[in-house]
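Model the full structure from these sequences, guided by the hints.
Chains as they are written, first to last, in the numbering used here: chain A, 305 to 369; chain B, 305 to 369; chain C, 305 to 369; chain D, 305 to 369; chain E, 305 to 369; chain F, 305 to 369.
No lab work stands behind these hints, which were simulated from the structure alone.
Be aware that a few hints might be false.
Pairs involving identical chains hold if they fit within one copy or between any two copies, as the list cannot separate such chains.
[Unchecked claim] With a straight-line Cα cutoff of 30 angstroms, these simulated DSSO-like cross-link-like pairs (lysine-lysine) come out:
(1) Lys352 to Lys322
(2) Lys318 to Lys352
(3) Lys352 to Lys314
(4) Lys360 to Lys314
Number of protein chains: 6
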Amino acid sequence: MPLVTVKMFKGRSKEQKKALVQEVTRAVCETVNVTPEDVIVVIEEMEKENYAIAGKTFDEPQQER
Amino acid sequence: MPLVTVKMFKGRSKEQKKALVQEVTRAVCETVNVTPEDVIVVIEEMEKENYAIAGKTFDEPQQER
Amino acid sequence: MPLVTVKMFKGRSKEQKKALVQEVTRAVCETVNVTPEDVIVVIEEMEKENYAIAGKTFDEPQQER
Amino acid sequence: MPLVTVKMFKGRSKEQKKALVQEVTRAVCETVNVTPEDVIVVIEEMEKENYAIAGKTFDEPQQER
Amino acid sequence: MPLVTVKMFKGRSKEQKKALVQEVTRAVCETVNVTPEDVIVVIEEMEKENYAIAGKTFDEPQQER
Amino acid sequence: MPLVTVKMFKGRSKEQKKALVQEVTRAVCETVNVTPEDVIVVIEEMEKENYAIAGKTFDEPQQER
Numbered sequence: 305m306p307l308v309t310v311k312m313f314k315g316r317s318k319e320q321k322k323a324l325v326q327e328v329t330r331a332v333c334e335t336v337n338v339t340p341e342d343v344i345v346v347i348e349e350m351e352k353e354n355y356a357i358a359g360k361t362f363d364e365p366q367q368e369r
Numbered sequence: 305m306p307l308v309t310v311k312m313f314k315g316r317s318k319e320q321k322k323a324l325v326q327e328v329t330r331a332v333c334e335t336v337n338v339t340p341e342d343v344i345v346v347i348e349e350m351e352k353e354n355y356a357i358a359g360k361t362f363d364e365p366q367q368e369r
Numbered sequence: 305m306p307l308v309t310v311k312m313f314k315g316r317s318k319e320q321k322k323a324l325v326q327e328v329t330r331a332v333c334e335t336v337n338v339t340p341e342d343v344i345v346v347i348e349e350m351e352k353e354n355y356a357i358a359g360k361t362f363d364e365p366q367q368e369r
Numbered sequence: 305m306p307l308v309t310v311k312m313f314k315g316r317s318k319e320q321k322k323a324l325v326q327e328v329t330r331a332v333c334e335t336v337n338v339t340p341e342d343v344i345v346v347i348e349e350m351e352k353e354n355y356a357i358a359g360k361t362f363d364e365p366q367q368e369r
Numbered sequence: 305m306p307l308v309t310v311k312m313f314k315g316r317s318k319e320q321k322k323a324l325v326q327e328v329t330r331a332v333c334e335t336v337n338v339t340p341e342d343v344i345v346v347i348e349e350m351e352k353e354n355y356a357i358a359g360k361t362f363d364e365p366q367q368e369r
Numbered sequence: 305m306p307l308v309t310v311k312m313f314k315g316r317s318k319e320q321k322k323a324l325v326q327e328v329t330r331a332v333c334e335t336v337n338v339t340p341e342d343v344i345v346v347i348e349e350m351e352k353e354n355y356a357i358a359g360k361t362f363d364e365p366q367q368e369r
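As structure tokens, then:
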């Protein structure tokens with residue numbers, strides 16, 4: 305029954321998101337001893353202007369990462 | 305001061321959401337002894353492609369539930 | 305598949321928490337048209353010193369609510 | 305490495321959001337002794353119909369605050 | 305800059321948790337095209353009495369999964 | 305009605321936490337035009353073994369930051 309939430313920037317394709325939930329589910333099952341049916345993964349997509357490190361949002365051009 | 309968050313799929317009407325927050329607030333008040341003014345409810349709406357069980361997202365047709 | 309999180313102060317008994325999850329689950333089912341098996345409820349318990357309104361934590365005696 | 309999440313209603317400008325993350329980052333650094341590079345701020349924007357106090361959502365006209 | 309949160313029951317060893325964060329980080333990097341330094345993983349541990357499906361908490365003996 | 309959550313490592317004093325919520329509340333009010341009574345701040349405290357960057361938890365000695 306692990307509940308996994310992945311917050312990340314918008315822009316990934318459906319295929320990438322399918323691969324993401326599949327691989328994260330596998331990683332959880334292999335390491336903490338649960339079955340896939342017990343694992344829930346929720347993706348939350350953010351705008352770059354809504355995420356900041358060191359007080360700077362990611363929609364500013366000088367920002368890297 | 306309970307803070308309740310309900311994540312669910314998009315697609316409910318405003319009337320359903322009003323009923324949801326009303327009934328959830330009532331359920332909390334009746335069981336943990338707070339007044340309605342103390343209860344905050346936040347609804348977060350998800351796309352089906354952003355929610356997975358057993359490594360499969362809910363926008364896949366074979367998926368049931 | 306609604307995921308419900310209830311953050312509240314520590315101190316409720318197991319019986320209160322059982323009643324809480326039961327009644328919240330019922331409230332969600334009745335209003336947004338899902339079955340109980342689809343509803344997950346997580347309780348997160350807080351210390352009073354970790355919750356503030358208007359910049360004041362709830363472990364201060366003058367605080368009411 | 306404090307992770308700060310701010311949920312608030314939609315409608316703020318990019319400038320307001322930039323000021324928000326900057327000032328919140330400063331507030332965290334000054335009070336819990338971390339450097340700005342350690343502070344992450346995420347903004348989550350809500351619709352008024354998805355937020356309720358006392359069982360009433362904020363898109364209802366009689367609601368104040 | 306994906307932020308991953310894993311909520312699961314208490315009781316895993318430090319070794320299991322180290323493996324978990326390592327494998328989840330790898331899964332995220334491989335599928336959504338980020339570098340490990342961009343991935344943050346937070347583990348949140350729950351008591352069984354604070355998690356419910358179908359209105360029943362997991363500290364009840366009849367519960368399976 | 306901004307809801308602010310600050311996740312950080314355990315170990316801050318009550319005085320630091322009081323200062324934190326006070327200053328964060330002020331920062332929010334000044335930048336997004338709300339009154340202090342509208343701002344809720346929740347602090348969530350983490351163990352170092354439950355937080356990882358680049359797949360490494362913070363209880364490992366070689367880790368800096």
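Hint check results:
1. Lys352 to Lys322: Both: 22 angstroms inside a copy, 11 angstroms across copies.
2. Lys318 to Lys352: both (19 angstroms within a copy, 11 angstroms between copies)
3. Lys352 to Lys314: both (8 angstroms within a copy, 15 angstroms between copies)
4. Lys360 to Lys314: both (18 angstroms within a copy, 19 angstroms between copies)
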